[in-house]
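Peer 1: Chain residues, written in single-letter form:
There are 2 protein chains.
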Amino acid sequence: MKEKHYKFMKAAIKEAKKSLDENGIPIGAVLVHNGKIVGRGYNKLLQSGSSILHGEMDCINNAGRLKGKDYRNSTFYTTLSPCDMCSGVILLYKIPEVVIGENETLAGPENYLKERGVKLINLDLEECKDLMRKYIQKNPEIWEKELERIGVPD
Amino acid sequence: MKEKHYKFMKAAIKEAKKSLDENGIPIGAVLVHNGKIVGRGYNKLLQSGSSILHGEMDCINNAGRLKGKDYRNSTFYTTLSPCDMCSGVILLYKIPEVVIGENETLAGPENYLKERGVKLINLDLEECKDLMRKYIQKNPEIWEKELERIGVPD
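From first to last, the protein sequence lines are chains Z and Y. Its first residue numbered 1, the first sequence is counted upward by one per residue in my numbering. Its first residue numbered 1, the second sequence is counted upward by one per residue in my numbering.
These are calculated hints, taken from the structure and not from any lab test. Predicted model, so just to flag it, every value in this text is computed and none were measured. Just so you know, even glycine gets a beta-carbon here, dropped at the ideal spot from N, CA and C. Among the hints, a few may not be true.
Claimed, not checked - From the structure, some residues in chain Z lie toward chain Y, with a derived Cβ separation under 8 Å:
1) Ser51
2) Asn61
3) Asp84
4) Met85
5) Leu92
6) Lys114
7) Gly117
8) Lys119
9) Asn139
10) Glu148
11) Ile150
12) Gly151
13) Pro153
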């Protein structure tokens, strides 16, 4: 079970690294339906000057307009715990299962997702934490601005 | 007070009508900071084949990457009650006040927004309901597909 999840998480990590190659924030996501990746995406805030293209949003957008029954039968993999917005898109399309790489760098509203019936699995991967840790160490000012933008800490 | 809100809601309605002109779903939004509109947007699901560009998301994206303290001092106007995703972006950027045109066509997680400290004002405008009613009457199959996509009704 965990091996299957790790296989797809590796694909999400690959997306995160694509962002890094573009001097972006290394967060990536993939959407899996019937054992196949149907969408891939990564954080494009810096590269695209976007305020909505988190890795998860980019992934959902890249997956195209799926049928509702397909969303409702999918698993979403993301290298970092989804924020309020990305948790929102999970709830909008009723994606039932979300596998996250880690939630130490930042944690989204995980309890709320669970209350709304989403199954959440945290792989707690050193690999994902390390990607973010190194990025933040190299880019402390950029990261601080990102945190100010979303009001963290309160 | 209500007059000030209506002035900005009219700008959101204007956005909704832009969507209609492109055969899109008539939902629009504007973001207001210090009495000025700093972002405008409308639903582009059909026109752009997007799965994330609701009116509110388009508006936030078009506003650009604002400072956190500016988001936290803004009011968001949207012609329809924000869905889970759009409520999520409101929470992510900690926008404190949301004015909606109506919530009869569809209602988002309004109680959750309130619980999280967002001030929600429903102008309950016939004008907004009518835009959606006429659109749905003219495009019943498109609308039905949209509802299936988000699993409404459950």
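Peer 1: Out of the numbered hints, which ones does the structure contradict?
Peer 2: Of the numbered hints given earlier, those the structure breaks are 6, 7, 8, 9 and 13, listed in rising order.
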